[in-house]
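The sequence shown lines up with residues 0 to 274 when you count with numbering that gives the first Met the number 0.
Bear in mind the hints are in silico, worked out from the structure with no lab data behind them. The beta carbon of each residue, even a glycine, is placed where N, CA and C say it ideally should be. Heads up, a few of these hints could be off.
[What the hints assert, rightly or not] Quick list of the computed label-pair ranges, beta carbon to beta carbon:
hint, residue 1, residue 2, range
1, 142, 92, 21 to 29 Å
2, 93, 216, 51 to 59 Å
3, 238, 67, 30 to 38 Å
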Amino acid sequence: MRVTLLGTGDTTGTPTVGCDCDTCETARERGVERTRFSVHVENARTGESLLIDFSPDFRYQFLRDEVALPDAAVVTHIHFDHLDGLGNAFRVFDSLSVYAADETDPETGESVAETVRSDYHYLDPITVHPTTPFEPVRVCGFDVTLVPVDHPPLVCYGVVVEDPKTGAKLSITGDTSYDVPDRSREALAEPDLLLADGIVPADLCEYHPIGGRHEGPDGVPRTFGTKHMTREGALALAAELGADRTRLVHLAHYYPADEAFAEPLAIDGEQYVLD
0 MRVTLLGTGD
10 TTGTPTVGCD
20 CDTCETARER
30 GVERTRFSVH
40 VENARTGESL
50 LIDFSPDFRY
60 QFLRDEVALP
70 DAAVVTHIHF
80 DHLDGLGNAF
90 RVFDSLSVYA
100 ADETDPETGE
110 SVAETVRSDY
120 HYLDPITVHP
130 TTPFEPVRVC
140 GFDVTLVPVD
150 HPPLVCYGVV
160 VEDPKTGAKL
170 SITGDTSYDV
180 PDRSREALAE
190 PDLLLADGIV
200 PADLCEYHPI
210 GGRHEGPDGV
220 PRTFGTKHMT
230 REGALALAAE
240 LGADRTRLVH
250 LAHYYPADEA
260 FAEPLAIDGE
270 QYVLD
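Input sequences plus hints: build the corresponding full structure.
Written out as C-alpha coordinates, the structure is:
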(Lines of atoms letter the chains of each structure in order from A and count residues from 1; the text may use other names and numbers.)
(Lines give C-alpha, C1' and ligand atoms only; values in the text may rest on other atoms or scores of the structure.)
Protein backbone atom coordinates (compact mmCIF):
# COMPACT_ATOMS: atom_id res chain seq x y z
CA MET A 1 0.00 0.00 0.00
CA ARG A 2 1.60 3.24 -1.18
CA VAL A 3 -0.04 6.34 0.32
CA THR A 4 0.54 9.74 -1.28
CA LEU A 5 -0.70 12.87 0.46
CA LEU A 6 -1.91 14.90 -2.51
CA GLY A 7 -3.54 17.64 -0.43
CA THR A 8 -2.90 18.39 3.25
CA GLY A 9 -4.50 21.82 3.62
CA ASP A 10 -7.83 23.17 4.75
CA THR A 11 -10.38 25.08 2.66
CA THR A 12 -8.01 27.88 1.60
CA GLY A 13 -4.76 25.94 1.50
CA THR A 14 -1.25 27.18 2.26
CA PRO A 15 -0.12 29.52 0.86
CA THR A 16 -3.55 31.12 0.86
CA VAL A 17 -4.39 33.27 -2.16
CA GLY A 18 -3.72 36.94 -1.42
CA CYS A 19 -2.17 36.25 1.98
CA ASP A 20 1.24 37.56 3.03
CA CYS A 21 1.26 36.19 6.59
CA ASP A 22 4.55 34.78 7.87
CA THR A 23 3.34 31.19 7.41
CA CYS A 24 2.31 31.69 3.79
CA GLU A 25 5.54 33.58 3.06
CA THR A 26 7.58 30.81 4.67
CA ALA A 27 5.78 28.21 2.55
CA ARG A 28 6.63 30.19 -0.60
CA GLU A 29 10.26 30.56 0.44
CA ARG A 30 10.59 26.82 1.13
CA GLY A 31 8.71 25.80 -1.99
CA VAL A 32 6.19 23.73 -0.03
CA GLU A 33 2.42 23.83 -0.06
CA ARG A 34 -0.76 22.43 1.33
CA THR A 35 -3.45 22.20 -1.30
CA ARG A 36 -6.99 21.11 -0.54
CA PHE A 37 -7.43 17.64 0.97
CA SER A 38 -6.97 14.45 -1.04
CA VAL A 39 -5.18 11.12 -0.54
CA HIS A 40 -4.03 8.63 -3.19
CA VAL A 41 -3.69 4.97 -2.18
CA GLU A 42 -1.98 2.59 -4.61
CA ASN A 43 -2.20 -1.19 -4.47
CA ALA A 44 1.10 -2.31 -5.98
CA ARG A 45 -0.08 -5.92 -5.96
CA THR A 46 -3.10 -5.31 -8.22
CA GLY A 47 -1.85 -2.23 -10.07
CA GLU A 48 -4.96 -0.28 -8.99
CA SER A 49 -5.34 2.92 -7.04
CA LEU A 50 -7.96 4.52 -4.84
CA LEU A 51 -8.60 8.23 -4.29
CA ILE A 52 -9.99 9.60 -1.04
CA ASP A 53 -11.85 12.85 -1.77
CA PHE A 54 -11.82 15.05 -4.86
CA SER A 55 -9.85 18.19 -4.11
CA PRO A 56 -10.59 21.28 -6.21
CA ASP A 57 -6.83 21.07 -6.91
CA PHE A 58 -7.25 17.62 -8.53
CA ARG A 59 -5.63 18.44 -11.87
CA TYR A 60 -2.65 20.20 -10.35
CA GLN A 61 -2.07 17.51 -7.73
CA PHE A 62 -2.00 14.66 -10.24
CA LEU A 63 0.32 16.52 -12.59
CA ARG A 64 2.62 17.59 -9.75
CA ASP A 65 2.93 14.23 -7.98
CA GLU A 66 2.76 12.04 -11.10
CA VAL A 67 0.55 9.39 -9.54
CA ALA A 68 -1.79 7.18 -11.54
CA LEU A 69 -5.35 8.22 -12.12
CA PRO A 70 -7.61 6.35 -9.68
CA ASP A 71 -9.62 3.29 -10.58
CA ALA A 72 -12.13 4.15 -7.83
CA ALA A 73 -12.73 6.86 -5.27
CA VAL A 74 -14.38 7.62 -1.93
CA VAL A 75 -16.16 10.85 -0.99
CA THR A 76 -16.24 11.54 2.76
CA HIS A 77 -18.64 14.50 2.73
CA ILE A 78 -20.03 17.19 0.46
CA HIS A 79 -18.02 20.30 1.39
CA PHE A 80 -16.52 21.81 -1.74
CA ASP A 81 -12.90 21.26 -0.75
CA HIS A 82 -13.54 17.49 -0.66
CA LEU A 83 -15.97 17.10 -3.55
CA ASP A 84 -15.74 19.80 -6.20
CA GLY A 85 -12.69 18.29 -7.87
CA LEU A 86 -14.95 15.52 -9.17
CA GLY A 87 -15.73 17.78 -12.09
CA ASN A 88 -12.21 17.00 -13.33
CA ALA A 89 -13.51 13.57 -14.34
CA PHE A 90 -14.95 15.17 -17.49
CA ARG A 91 -13.08 13.78 -20.53
CA VAL A 92 -10.41 12.25 -18.25
CA PHE A 93 -12.01 8.93 -17.22
CA ASP A 94 -13.70 6.28 -19.31
CA SER A 95 -15.30 4.99 -16.11
CA LEU A 96 -14.92 5.68 -12.41
CA SER A 97 -16.64 4.07 -9.42
CA VAL A 98 -17.33 6.50 -6.58
CA TYR A 99 -18.23 5.21 -3.12
CA ALA A 100 -20.13 7.40 -0.67
CA ALA A 101 -22.32 6.88 2.40
CA ASP A 102 -25.96 5.89 1.98
CA GLU A 103 -27.25 7.44 5.24
CA THR A 104 -29.67 10.36 4.85
CA ASP A 105 -28.29 13.63 6.19
CA PRO A 106 -31.03 15.45 8.17
CA GLU A 107 -29.46 18.75 7.11
CA THR A 108 -29.78 18.14 3.36
CA GLY A 109 -32.42 15.41 3.16
CA GLU A 110 -30.04 13.36 1.01
CA SER A 111 -27.22 10.94 1.60
CA VAL A 112 -23.71 11.83 0.48
CA ALA A 113 -24.14 9.31 -2.33
CA GLU A 114 -27.37 10.95 -3.50
CA THR A 115 -25.81 14.42 -3.46
CA VAL A 116 -22.80 13.24 -5.47
CA ARG A 117 -25.07 11.57 -8.00
CA SER A 118 -27.36 14.60 -8.38
CA ASP A 119 -24.62 17.25 -8.45
CA TYR A 120 -22.59 15.36 -11.05
CA HIS A 121 -25.43 13.80 -13.05
CA TYR A 122 -23.83 15.05 -16.26
CA LEU A 123 -20.69 12.91 -15.81
CA ASP A 124 -21.50 9.74 -17.73
CA PRO A 125 -18.30 7.90 -16.67
CA ILE A 126 -19.24 8.17 -12.99
CA THR A 127 -21.01 5.33 -11.22
CA VAL A 128 -21.98 6.15 -7.63
CA HIS A 129 -22.09 3.24 -5.18
CA PRO A 130 -24.15 3.96 -2.03
CA THR A 131 -22.16 2.44 0.83
CA THR A 132 -23.33 1.53 4.33
CA PRO A 133 -21.05 2.76 7.13
CA PHE A 134 -19.18 0.05 9.07
CA GLU A 135 -19.72 -2.44 6.24
CA PRO A 136 -16.42 -3.01 4.38
CA VAL A 137 -16.44 -3.02 0.59
CA ARG A 138 -13.68 -4.54 -1.55
CA VAL A 139 -12.26 -1.77 -3.72
CA CYS A 140 -8.98 -1.92 -5.67
CA GLY A 141 -8.04 -5.02 -3.70
CA PHE A 142 -8.49 -3.19 -0.39
CA ASP A 143 -11.20 -3.48 2.25
CA VAL A 144 -12.61 0.03 2.57
CA THR A 145 -14.87 1.07 5.45
CA LEU A 146 -16.66 4.36 6.05
CA VAL A 147 -17.01 5.37 9.71
CA PRO A 148 -19.19 8.23 11.00
CA VAL A 149 -17.38 11.13 12.64
CA ASP A 150 -18.49 14.54 13.96
CA HIS A 151 -18.44 17.52 11.58
CA PRO A 152 -21.63 19.54 12.17
CA PRO A 153 -23.94 20.42 10.62
CA LEU A 154 -23.32 17.87 7.86
CA VAL A 155 -22.74 14.14 8.12
CA CYS A 156 -19.10 13.24 7.54
CA TYR A 157 -17.10 10.04 7.52
CA GLY A 158 -13.63 8.79 8.26
CA VAL A 159 -12.17 6.04 6.12
CA VAL A 160 -10.33 2.82 6.95
CA VAL A 161 -8.34 1.17 4.15
CA GLU A 162 -6.95 -2.31 4.86
CA ASP A 163 -4.97 -4.69 2.70
CA PRO A 164 -6.41 -8.17 3.31
CA LYS A 165 -3.19 -9.79 2.08
CA THR A 166 -0.60 -7.91 4.14
CA GLY A 167 -2.71 -6.56 7.01
CA ALA A 168 -1.53 -3.00 6.31
CA LYS A 169 -3.99 -0.42 7.62
CA LEU A 170 -4.54 3.24 6.82
CA SER A 171 -6.98 5.24 8.96
CA ILE A 172 -8.24 8.69 7.99
CA THR A 173 -10.30 10.63 10.52
CA GLY A 174 -11.97 12.80 7.91
CA ASP A 175 -13.03 16.28 8.94
CA THR A 176 -14.08 15.89 12.55
CA SER A 177 -14.16 17.25 16.03
CA TYR A 178 -12.58 15.21 18.82
CA ASP A 179 -16.03 13.72 19.53
CA VAL A 180 -15.54 10.66 17.32
CA PRO A 181 -18.09 7.94 18.27
CA ASP A 182 -16.73 4.92 20.16
CA ARG A 183 -17.66 2.47 17.43
CA SER A 184 -15.80 4.57 14.87
CA ARG A 185 -12.77 4.77 17.15
CA GLU A 186 -12.76 0.98 17.33
CA ALA A 187 -12.76 0.76 13.53
CA LEU A 188 -10.00 3.36 13.19
CA ALA A 189 -7.80 1.83 15.91
CA GLU A 190 -4.30 0.38 15.51
CA PRO A 191 -3.44 1.78 12.08
CA ASP A 192 0.01 1.66 10.54
CA LEU A 193 -0.65 5.23 9.42
CA LEU A 194 -3.20 7.70 10.79
CA LEU A 195 -4.11 10.86 8.90
CA ALA A 196 -5.80 13.08 11.46
CA ASP A 197 -7.55 16.44 11.07
CA GLY A 198 -5.60 18.98 13.15
CA ILE A 199 -6.60 22.32 11.73
CA VAL A 200 -4.88 24.67 14.22
CA PRO A 201 -2.98 24.63 17.52
CA ALA A 202 -5.19 24.65 20.60
CA ASP A 203 -4.11 28.10 21.75
CA LEU A 204 -5.93 29.62 18.78
CA CYS A 205 -9.27 28.54 20.25
CA GLU A 206 -9.38 31.82 22.15
CA TYR A 207 -9.83 33.57 18.80
CA HIS A 208 -12.71 31.36 17.61
CA PRO A 209 -16.17 32.93 18.13
CA ILE A 210 -17.22 29.99 20.32
CA GLY A 211 -13.77 29.01 21.57
CA GLY A 212 -12.81 25.38 22.03
CA ARG A 213 -14.45 22.20 23.26
CA HIS A 214 -13.61 18.76 24.60
CA GLU A 215 -10.87 19.91 26.92
CA GLY A 216 -8.38 17.30 28.07
CA PRO A 217 -7.31 16.73 31.69
CA ASP A 218 -4.89 19.65 31.27
CA GLY A 219 -7.72 21.95 30.18
CA VAL A 220 -6.40 22.18 26.61
CA PRO A 221 -9.18 22.19 23.97
CA ARG A 222 -9.18 19.19 21.65
CA THR A 223 -11.79 20.71 19.32
CA PHE A 224 -11.54 24.09 17.59
CA GLY A 225 -15.07 25.49 17.59
CA THR A 226 -17.29 22.56 16.63
CA LYS A 227 -15.97 21.08 13.36
CA HIS A 228 -12.28 20.23 13.57
CA MET A 229 -9.69 18.92 16.00
CA THR A 230 -6.88 21.02 17.30
CA ARG A 231 -3.34 19.75 16.93
CA GLU A 232 -3.46 18.66 20.54
CA GLY A 233 -6.80 16.92 20.03
CA ALA A 234 -5.57 15.06 16.97
CA LEU A 235 -2.47 13.85 18.82
CA ALA A 236 -4.55 12.77 21.82
CA LEU A 237 -6.82 10.79 19.50
CA ALA A 238 -3.79 9.24 17.79
CA ALA A 239 -2.48 8.06 21.15
CA GLU A 240 -5.85 6.59 22.08
CA LEU A 241 -6.08 4.79 18.74
CA GLY A 242 -2.60 3.33 19.10
CA ALA A 243 -1.44 4.68 15.74
CA ASP A 244 1.99 3.47 14.69
CA ARG A 245 2.60 6.67 12.71
CA THR A 246 0.58 9.90 12.61
CA ARG A 247 0.48 12.78 10.17
CA LEU A 248 -1.73 15.80 10.75
CA VAL A 249 -3.66 17.06 7.74
CA HIS A 250 -6.39 19.57 6.84
CA LEU A 251 -4.05 22.22 8.22
CA ALA A 252 -4.78 25.96 8.15
CA HIS A 253 -2.29 28.73 7.47
CA TYR A 254 -3.05 30.06 10.96
CA TYR A 255 -0.28 27.93 12.46
CA PRO A 256 2.56 30.26 13.48
CA ALA A 257 5.40 30.10 10.98
CA ASP A 258 7.81 28.57 13.49
CA GLU A 259 5.34 25.71 14.12
CA ALA A 260 3.65 25.35 10.74
CA PHE A 261 6.12 22.89 9.22
CA ALA A 262 7.24 21.01 12.32
CA GLU A 263 6.50 17.35 13.05
CA PRO A 264 4.00 15.78 12.72
CA LEU A 265 2.35 18.33 10.43
CA ALA A 266 2.19 17.00 6.87
CA ILE A 267 2.89 18.78 3.61
CA ASP A 268 1.81 17.83 0.10
CA GLY A 269 3.65 15.10 -1.71
CA GLU A 270 4.61 12.94 1.25
CA GLN A 271 4.57 9.21 0.50
CA TYR A 272 4.34 6.23 2.82
CA VAL A 273 4.61 2.53 2.04
CA LEU A 274 2.61 0.27 4.36
CA ASP A 275 3.27 -3.45 4.25
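Taking the hints in turn, this is what the structure says about them:
no.	hint	in the structure
1	142 with 92: 21 to 29 Å	23 Å, holds
2	93 with 216: 51 to 59 Å	54 Å, holds
3	238 with 67: 30 to 38 Å	34 Å, holds
Violated hints for the displayed structure: none, as all numbered hints are satisfied.
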